[in-house]
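2 protein chains.
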Amino acid sequence: KEVFKPMRQKEIKVVKSVMSSPPITISPEASIEEAAKILIENEIDHLPVVNEKGELIGIVTSWDIARAVARGKVGKVEDIMTRKVITTTMEEPIEIAARKMEQHNISALPVVDKDNRVVGVVSSEDLSKLLAR
Amino acid sequence: KEVFKPMRQKEIKVVKSVMSSPPITISPEASIEEAAKILIENEIDHLPVVNEKGELIGIVTSWDIARAVARGKVGKVEDIMTRKVITTTMEEPIEIAARKMEQHNISALPVVDKDNRVVGVVSSEDLSKLLAR
Ligand SMILES: C[S@@+](CC[C@H](N)C(=O)[O-])C[C@H]1O[C@@H](n2cnc3c(N)ncnc32)[C@H](O)[C@@H]1O
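Line by line, the protein sequences are chains A and B. Under the working numbering, the first residue of the first sequence carries the number 1, and numbering increases by one thereafter. Under the working numbering, the first residue of the second sequence carries the number 1, and numbering increases by one thereafter.
Possibly wrong hints are sitting among the right ones.
Identical chains blur together in the list; that is why a pair holds if it fits in one copy or across any two.
[Unchecked claim] Below, a list of computed lysine to any residue pairs in the SDA-like style, where the Cα atoms sit at most 20 Å apart: (1) K13 with I24; (2) K100 with R133; (3) K37 with N105; (4) K129 with E95; (5) K73 with E41; (6) K129 with R99; (7) K53 with E92; (8) K100 with E43; (9) K84 with E43; (10) K73 with E43; (11) K84 with I40.
For the record, the hints were derived by calculation from the structure and aren't laboratory data.
With the sequences and hints as input, model every part of the structure.
Here it is in structure tokens:
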């Protein structure tokens with residue numbers, strides 16, 4: 001008599017399970033100093049930039065602020081933000097998110113919904129926690 | 001007849017195998033602008049601060065530079081660096097390094113030798129690459 005057991009499936013971990021949410025975001029009109037303050041108050045390195053509708057239009061990081069310092073630049077978030085943002089979604093496997101970070105040499109991805117609204121942020125810190133013991 | 005096979009050991013990955021080396025470091029006497037330039041030129045976020053002997057005496061990150069901006073502060077690396085540095089060693093298992101980052105909410109660790117000289121840096125980006133596919 002043959003017995004069929006269900007195959008033990010390897011659980012696929014998705015972005016939703018490790019992301020930080022709700023996201024802390026900023027407006028493109030904010031000053032560089034305001035962006036710096038928000039990063040420091042929240043002990044984070046990445047700020048998605050959103051319009052009035054909450055749609056993602058850029059990202060500004062502590063590295064971008066260091067770049068502004070290196071260039072002696074003052075101004076608004078929109079002057080220093082990166083506009084072509086690499087993103088992920090809640091249901092994307094974390095292996096894919098990790099690969100995007102590796103390929104683009106970045107350390108976090110805004111998590112967007114189908115309307116391009118930011119619902120979270122996943123960082124290499126969130127991912128490396130999975131290796132901790 | 002009994003056959004004894006060696007148990008298949010799970011390979012223990014150590015820091016050495018994933019760290020960035022040689023490390024890019026800075027002197028405590030350097031200006032904040034110089035630190036920012038080195039971070040940008042090398043596309044990194046963390047700079048171990050070393051004395052003339054190459055011994056670790058602090059760490060300065062793009063987050064510290066953002067904090068200097070938030071506070072309107074100008075000055076030297078030694079004015080903004082963190083002096084109590086959490087470190088790792090070449091032979092430490094990456095699970096332990098990941099746990100240190102998680103516990104201290106930081107995203108990189110200088111790798112030091114037995115004489116407290118910096119031999120590399122391991123970041124959460126280096127670790128999260130291990131999850132990429
Ligand atoms: C709380 S973390 C958050 C920002 C960012 N993830 C980072 O690692 O810098 C920021 C502070 O941690 C400090 N820091 C970063 N790596 C460190 C380390 N290995 N040991 C001690 N302090 C560290 C920085 O100097 C900075 O003041």
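Evaluated hints:
no.	hint	verdict
1	K13 with I24	neither (23 Å within a copy, 34 Å between copies)
2	K100 with R133	between (25 Å within a copy, 10 Å between copies)
3	K37 with N105	between (25 Å within a copy, 18 Å between copies)
4	K129 with E95	both (14 Å within a copy, 9 Å between copies)
5	K73 with E41	between (22 Å within a copy, 16 Å between copies)
6	K129 with R99	both (16 Å within a copy, 7 Å between copies)
7	K53 with E92	neither (24 Å within a copy, 47 Å between copies)
8	K100 with E43	between (23 Å within a copy, 16 Å between copies)
9	K84 with E43	between (24 Å within a copy, 17 Å between copies)
10	K73 with E43	between (23 Å within a copy, 18 Å between copies)
11	K84 with I40	between (24 Å within a copy, 19 Å between copies)
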